[in-house]
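Visitor: Residues per chain are reported as follows:
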Amino acid sequence: MIYLTRRAEFSASHYYHSPSLSPEENQRLYGKCANPHGHGHNYVLEVTVRGEIDARSGMVVDLKDLKEVMAREVLEVLDHRFLNREVPVFHDVIPTTENLALEIWRMLAPKLEFCSLHRIRLYETPDLYVDYFGPAKDGNGE
Amino acid sequence: MRAEERVHLTRRYWFSASHRLHHPALPDDENRELYGKCNNPGGHGHNYFLEVTVAGPVDPRTGMTVNLAELDAFVQNRILEPLHESSLNEQPNFREQVPTTENLCVEIYRVLAEGWAGIESAHRARLERVRLEETSSNFFEYRG
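From first to last, the protein sequence lines stand for chains A and B.
Each residue of the first sequence is one higher than the one before, starting from 533 at the first, in the numbering used here.
Each residue of the second sequence is one higher than the one before, starting from 19 at the first, in the numbering used here.
Errors might be hidden in some of the hints.
The calculated lysine to any residue pairs, modelled on SDA-like cross-linking and capped at a C-alpha distance of 25 angstroms, are [what the hints assert, rightly or not]:
hint, chain 1, residue 1, chain 2, residue 2
1, A, K564, B, R147
2, A, K564, B, N95
3, A, K564, B, F112
4, A, K564, B, F92
5, A, K564, B, E120
To give an idea of the interface, some chain A residues facing chain B are shown, with a C-beta separation under 10 angstroms as derived from the structure [what the hints assert, rightly or not]:
hint, residue
6, I534
7, H623
8, A668
In silico negatives: residues of chain A with every beta carbon more than 12 angstroms from chain B [unchecked claim]:
hint, residue
9, S543
10, K596
11, T628
12, T657
It is worth saying that the hints were derived from the structure and are not from the lab.
Every residue, glycine too, gets a C-beta built ideally from N, C-alpha and C.
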């Protein structure tokens, strides 16, 4: 089994606000990240797919196809956006790094019929990243 | 409300410390042969990079697996404050064992695991991995 990772960057702004919490609780929990004007990151996305090497091409996946899907389904949707206001799913889902990783998986997985998606890794900053390996198969995680 | 999904969140920190690799039960010539330059009597230093990985569900109320401010404060108090700009050989936990990065990695995991119940927002998450980079070429992971 070979694991291939493609890296891409996008820039976006967001803020954190939970409608389940009071304004005071939001401020206490999220601090400066609760500012409704938002703040921004250069996110670094790593998409890892897995598979066997095709005997004819020597490739696990045609990178051109993977790049096209990433660009169309994720980067064009998120890049240079205010996530809370301009990306419909984040009108209701708090755009934390955790939720972003989950949503990117959901955006990509159905469109990658030509390979098997293994992991989404999303860096919010160089010192903070989240890994998501897809929905749990047996209720106990991946 | 969405079903909870499980993610792995990694936070990265750094600290600077010195150490000398020397086993008190071995003769000097064996120490020199075993540890080479790392046995030099004055010790040497590293900028260590520490990654702490937490695994758990995303809280649908907050969108978080763990409150980062709480995690940062916990790591700062238990690990970074005691170790930063210190000599590892002088640390209480390294009086009886050689402060190799392997042993340091395990020790950091142990300290974090023992205090984990004190992180209120992490009650449904677990400490999954400690990764320690001694240099850009050497890194170690421990998963308990």
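Visitor: Quick one: which hint numbers does this structure break? Sort them smallest to largest.
Guide: 1, 3, 5, 6, 7, 11 and 12
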